[in-house]
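Colleague: The residues making up each chain are set out below.
There are 2 protein chains.
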Amino acid sequence: MRTHWISEEIVTEMNGARALLATLLDSGVNVFFANPGTSEMQLVAALDAFEQMHGVLCLFEGVATGAADGYGRMTGRPAATLLHLGPGLGNGMANLHNARRAGTPLVNIVGDHATYHKHLDAPLESDIDSMAGTVSAWLRRSPSVAEIGRDTAAAVQAALSAPDAAGESRDESRTGTSGSVATLIVPADVSWSPGARPSAPAQPDTPAPVGAEVIDAVAAAFRSGEPTVLLLGGAALSEAGLRAASRIEQATGARVFAELWPTRQRQGAGVPAVPPLAYRAEDIRTQLHGTKNLVLAGTREPVSSFAYPGQASELTPPEARVLRFPGRVDADLVAALDRLADVLAPGVEPVLAPRAARNLPSGGLNVANWAQVIGALLPEDAIVCDESITSGLATLPAALVGAAAHDLLGLTGLSVGQGLPLATGAAIACPRRPVVCLEADGSAMYTLSALWTQAREHLDVTTVLLNNRSYAILRAELDRVGATTTGLASARLLDLTGPDLDFVALATGMGVPATRATTAGQLAEQFAAAVAEPGPHLIEAVLGADPGAAA
Amino acid sequence: MRTHWISEEIVTEMNGARALLATLLDSGVNVFFANPGTSEMQLVAALDAFEQMHGVLCLFEGVATGAADGYGRMTGRPAATLLHLGPGLGNGMANLHNARRAGTPLVNIVGDHATYHKHLDAPLESDIDSMAGTVSAWLRRSPSVAEIGRDTAAAVQAALSAPDAAGESRDESRTGTSGSVATLIVPADVSWSPGARPSAPAQPDTPAPVGAEVIDAVAAAFRSGEPTVLLLGGAALSEAGLRAASRIEQATGARVFAELWPTRQRQGAGVPAVPPLAYRAEDIRTQLHGTKNLVLAGTREPVSSFAYPGQASELTPPEARVLRFPGRVDADLVAALDRLADVLAPGVEPVLAPRAARNLPSGGLNVANWAQVIGALLPEDAIVCDESITSGLATLPAALVGAAAHDLLGLTGLSVGQGLPLATGAAIACPRRPVVCLEADGSAMYTLSALWTQAREHLDVTTVLLNNRSYAILRAELDRVGATTTGLASARLLDLTGPDLDFVALATGMGVPATRATTAGQLAEQFAAAVAEPGPHLIEAVLGADPGAAA
Numbered sequence: 001m002r003t004h005w006i007s008e009e010i011v012t013e014m015n016g017a018r019a020l021l022a023t024l025l026d027s028g029v030n031v032f033f034a035n036p037g038t039s040e041m042q043l044v045a046a047l048d049a050f051e052q053m054h055g056v057l058c059l060f061e062g063v064a065t066g067a068a069d070g071y072g073r074m075t076g077r078p079a080a081t082l083l084h085l086g087p088g089l090g091n092g093m094a095n096l097h098n099a100r101r102a103g104t105p106l107v108n109i110v111g112d113h114a115t116y117h118k119h120l121d122a123p124l125e126s127d128i129d130s131m132a133g134t135v136s137a138w139l140r141r142s143p144s145v146a147e148i149g150r151d152t153a154a155a156v157q158a159a160l161s162a163p164d165a166a167g168e169s170r171d172e173s174r175t176g177t178s179g180s181v182a183t184l185i186v187p188a189d190v191s192w193s194p195g196a197r198p199s200a201p202a203q204p205d206t207p208a209p210v211g212a213e214v215i216d217a218v219a220a221a222f223r224s225g226e227p228t229v230l231l232l233g234g235a236a237l238s239e240a241g242l243r244a245a246s247r248i249e250q251a252t253g254a255r256v257f258a259e260l261w262p263t264r265q266r267q268g269a270g271v272p273a274v275p276p277l278a279y280r281a282e283d284i285r286t287q288l289h290g291t292k293n294l295v296l297a298g299t300r301e302p303v304s305s306f307a308y309p310g311q312a313s314e315l316t317p318p319e320a321r322v323l324r325f326p327g328r329v330d331a332d333l334v335a336a337l338d339r340l341a342d343v344l345a346p347g348v349e350p351v352l353a354p355r356a357a358r359n360l361p362s363g364g365l366n367v368a369n370w371a372q373v374i375g376a377l378l379p380e381d382a383i384v385c386d387e388s389i390t391s392g393l394a395t396l397p398a399a400l401v402g403a404a405a406h407d408l409l410g411l412t413g414l415s416v417g418q419g420l421p422l423a424t425g426a427a428i429a430c431p432r433r434p435v436v437c438l439e440a441d442g443s444a445m446y447t448l449s450a451l452w453t454q455a456r457e458h459l460d461v462t463t464v465l466l467n468n469r470s471y472a473i474l475r476a477e478l479d480r481v482g483a484t485t486t487g488l489a490s491a492r493l494l495d496l497t498g499p500d501l502d503f504v505a506l507a508t509g510m511g512v513p514a515t516r517a518t519t520a521g522q523l524a525e526q527f528a529a530a531v532a533e534p535g536p537h538l539i540e541a542v543l544g545a546d547p548g549a550a551a
Numbered sequence: 001m002r003t004h005w006i007s008e009e010i011v012t013e014m015n016g017a018r019a020l021l022a023t024l025l026d027s028g029v030n031v032f033f034a035n036p037g038t039s040e041m042q043l044v045a046a047l048d049a050f051e052q053m054h055g056v057l058c059l060f061e062g063v064a065t066g067a068a069d070g071y072g073r074m075t076g077r078p079a080a081t082l083l084h085l086g087p088g089l090g091n092g093m094a095n096l097h098n099a100r101r102a103g104t105p106l107v108n109i110v111g112d113h114a115t116y117h118k119h120l121d122a123p124l125e126s127d128i129d130s131m132a133g134t135v136s137a138w139l140r141r142s143p144s145v146a147e148i149g150r151d152t153a154a155a156v157q158a159a160l161s162a163p164d165a166a167g168e169s170r171d172e173s174r175t176g177t178s179g180s181v182a183t184l185i186v187p188a189d190v191s192w193s194p195g196a197r198p199s200a201p202a203q204p205d206t207p208a209p210v211g212a213e214v215i216d217a218v219a220a221a222f223r224s225g226e227p228t229v230l231l232l233g234g235a236a237l238s239e240a241g242l243r244a245a246s247r248i249e250q251a252t253g254a255r256v257f258a259e260l261w262p263t264r265q266r267q268g269a270g271v272p273a274v275p276p277l278a279y280r281a282e283d284i285r286t287q288l289h290g291t292k293n294l295v296l297a298g299t300r301e302p303v304s305s306f307a308y309p310g311q312a313s314e315l316t317p318p319e320a321r322v323l324r325f326p327g328r329v330d331a332d333l334v335a336a337l338d339r340l341a342d343v344l345a346p347g348v349e350p351v352l353a354p355r356a357a358r359n360l361p362s363g364g365l366n367v368a369n370w371a372q373v374i375g376a377l378l379p380e381d382a383i384v385c386d387e388s389i390t391s392g393l394a395t396l397p398a399a400l401v402g403a404a405a406h407d408l409l410g411l412t413g414l415s416v417g418q419g420l421p422l423a424t425g426a427a428i429a430c431p432r433r434p435v436v437c438l439e440a441d442g443s444a445m446y447t448l449s450a451l452w453t454q455a456r457e458h459l460d461v462t463t464v465l466l467n468n469r470s471y472a473i474l475r476a477e478l479d480r481v482g483a484t485t486t487g488l489a490s491a492r493l494l495d496l497t498g499p500d501l502d503f504v505a506l507a508t509g510m511g512v513p514a515t516r517a518t519t520a521g522q523l524a525e526q527f528a529a530a531v532a533e534p535g536p537h538l539i540e541a542v543l544g545a546d547p548g549a550a551a
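So the protein lines, in turn, are chains W and X.
Start counting the first sequence at 1; every next residue gets the next number (full-length UniProt numbering).
Start counting the second sequence at 1; every next residue gets the next number (full-length UniProt numbering).
So that you can see chain W by itself, here it is in the shape it has in the complex:
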């Protein structure tokens, strides 16, 4: 469907950069997150010809890629990035990794030297293709202005396709992902040469049909009377998916779990509550103990995030049969879950989480009470980006389940530095919804300049910066890998004091108003004020060392 907002006159004089932007717009991509350089200047200049395209400046590429991930998770449509050559791509890799794990639709545009310039091995020359290949389900280097239009349309189509449909096979057991990272490498002379034409958008794939035999086979497992677990991920964590799962749970007695750090999960009051799998492998083993049928809907078999000496990494109980539902990544997972619920639970209603009583804790802030404050005061229909790591693992899920209904975006690829960019992109995607970013101190320091973009774009993001002044998760992991520490040298590598990071100063320095809270009361007051006022805010929540001090 062409929107025909481009006059033919303009079309005939397009260079490659303009054809690329025109094709993106025609394909429904109207935002890009950019940290450009010389080789991308034509794409920057082309912005002036297309006022419908919103170019968002990021001061670091990891902010651009993480923001594109947040945008794609919230809209189901890709944003584009604009990165400068191999080093720019390198800076964006960590959050492209998270986007790949999330199944986010994302068009990753990397500028390159002019085609005739590459053999000279100029200072910024590097092997972009090899690096990009490690995160991209689809990768193409556009060879000429004759191809740039159709290559752009193909990139958008690939971004909207499930990964294996786009050529990646590793995630084949994960169903219901909405998209892929598609990388388009654009040489500078392809951007600046005339004679390009935009391409009509590619037709989106239609979901693969799910046969009745697939539904029946899974239904039989639920009806077997054996202990059955339904593990949800991807689109199964949408409200519709959760309602279907709750009906199945009510009717069959199966237990239902969610991925720990989801791409996007609806939760809170009025939404079926599904507990997440634990972080620690030993706890997941307890959760799944005795399971005879493990039904995977939009997720993969659970594995330990890391290996630990003497422990198995596989977490599916050895005696369990694994059923992948609906068995194809390109099927409509939510529709399939609905059909399954209709078979297993006709007339059964889902159980919805009640709104929890608003109990505001008091006393010094600590790991046990901060999440209660957020749960009590979370605004309606917020988007919650969670990179609270250790500060949230024990208490956040319980605090959020009775909060106002919201979308939760998690750390899908475990690569830290995601929270602030993700919140930035989510806020661009949903300008009328409040965004709350729960961010750990160590993780914040990878992509902190996302705050500047939030200020530049006047985004309604409230960041709660959880400052425990350490890489707390690594202290725990040090013990778990059986490492013997005897001295200060190792301790210094996990400690973020000396000097203390002052996040109020850091946020203020990037134009984001900031306050500091050391008590639960202060956090409540500051959080309520921040979400009530438009624009970005940051609250540094300094967590005390002693959870026993909680009131």
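These aren't lab readings, by the way, just hints derived from the structure by calculation.
There could be a bad hint or two in this list.
To be verified - Between beta-carbon pairs, the in silico distance windows are:
1) X:Ser362 / W:Gly535: 36 to 44 Å
2) X:Gly195 / W:Ala312: 17 to 25 Å
3) X:Lys118 / W:Arg255: 29 to 37 Å
4) W:Pro204 / X:Leu488: 31 to 39 Å
Unchecked claim - Stretch by stretch, here's where chain X covers chain W in the computed footprint (C-beta under 8 Å, at least three residues):
5) 51 to 63
6) 129 to 141
7) 186 to 197
8) 297 to 307
9) 503 to 514
Said to hold, decoys possible - Just some of the chain W residues that point at chain X, by a computed CB distance under 8 Å:
10) Asp48
11) Tyr116
12) Ser313
Here a beta-carbon is modelled for each residue, glycine too, at the ideal position from N, C-alpha and C.
Put chain X on the given structure of chain W with help from the hints.
Modeller: Positioned in the frame of chain W, the structure of chain X alone reads:
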């Protein structure tokens, strides 16, 4: 040469991590710059057993890799990095790219999942090898505790070898580089398993001999009477190399130039002054116009950093004969230059730059006067890390040539975000020398947390943050690539106002004392105070828009 500081008792109970650290120490590597994760916890714990090893915590991997680059440039020995899996490597790629271009010896250690865990495709799994291969002259994945000692020794040897000797051929025309990026991938179970033994250090390569016929052939070009240019890079920019070049210049009338952004160049009062090649291709063409013999010593044929429409990228004059001296990357470049000077200029003394009169400018700070302040007040034997980009291109070389003698470290790979990390590593390498970092505002935001490491380690670094509130170089590049801009959309992507970055707040938030200067007098006062006081300082030099306002 084993130093035998490890008792045999400890040796017999070593795990892979301890054997790795012991081998590094025995091989002369006693610093690593770390941003570790779970898979590197054994290496962190092993620090406690080796107090000679200095583990430096960085809050972002690009700081670690840039610091290792600075350390290697100043010592000629590699520092190690410690990075967490593929995403950690990704974050470190941009400054590894710069280190590769600098020919810096660097042992890049990347932790990975346990060998038996990789096939599970856990959340942080990615293709580390393909990514690392794009920046590494040497790359090995250590397969077992039986191999970790010798693999570590091999990594150090590779880091101390010229790139093509280590397997990379692209830089074959660049002589006199001191080292390479050697990447060692260490699976977690290799780190934690017992039974490893440290390995004796590998013998360093001896320089390849330079035959008399090589000296004679180049000498003939200098004696030809034709216009001859000697272009210096790498080790040729050491004081000894520059003295030899100056003698040749005096005796033969050849013109001498230096690479614009050198790995390490000695300059200032008492050192032969060599003008750098310009940044813009058209200016380099003017510099080299009419050259009949182009002698490359430690550098490669000049090429345009980027391609521009309608301009050739090659900058060697078409009529020039190119001579690579001494023709092998693994030769001793400085010794060869000395021999050449003895042949061409017996008894001729080099011309040394005089100390310039200390004229301190006054008036509002701008691109024309800030460098004069630094040149006038630079302390003796400073290390100057230059990432001033547009703010320094026109005025810094002239200001530094008459300053106190110093080492200049440049942006070798053109990948921004290098200055602050480079200064951090240089200060660790040379704790008794003052380090001055000249840093552009846009570039600073990629790796700003280097300031925290400077504070943590009490490093004597004075950062002059040149704030022109824009990506000024991109504004210039926009014109040069022939891009037509007509509106605000493109301008917004090159502008760093709205909000203004407050670098005083940002530095203070990371524990570095900071001040702001808007006049040349303030900069002089604050710079003199900062270099007089140990420890890190930052001065935000706000550059006015009108250079005509300079007094």
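Colleague: Each hint needs a verdict: does it hold in this structure or not?
Modeller: Comparing the hints with the structure gives:
1. X:Ser362 / W:Gly535: 36 to 44 Å: Check passed, 40 Å falls within 36 to 44 Å.
2. X:Gly195 / W:Ala312: 17 to 25 Å: With Cβ atoms ~22 Å apart, the hint holds.
3. X:Lys118 / W:Arg255: 29 to 37 Å: Given a distance of about 30 Å, which is inside 29 to 37 Å, the answer is holds.
4. W:Pro204 / X:Leu488: 31 to 39 Å: holds, 33 Å
5. 51 to 63: Held - the region 51 to 63 of chain W has 7 residues with a Cβ nearer than 8 Å to chain X, which meets the minimum of three.
6. 129 to 141: holds (count 5)
7. 186 to 197: It holds: at least three residues are needed, and the region 186 to 197 of chain W offers 3 whose Cβ sits within less than 8 Å of chain X.
8. 297 to 307: Per the Cβ count (6), the hint holds.
9. 503 to 514: Three-residue rule met by the region 503 to 514 of chain W, so holds; n is 8.
10. Asp48: OK, holds: W:Asp48 within 8 Å of chain X, min 4 Å.
11. Tyr116: It holds, given that the least Cβ distance between W:Tyr116 and chain X is near 7 Å, below 8 Å.
12. Ser313: holds, 5 Å
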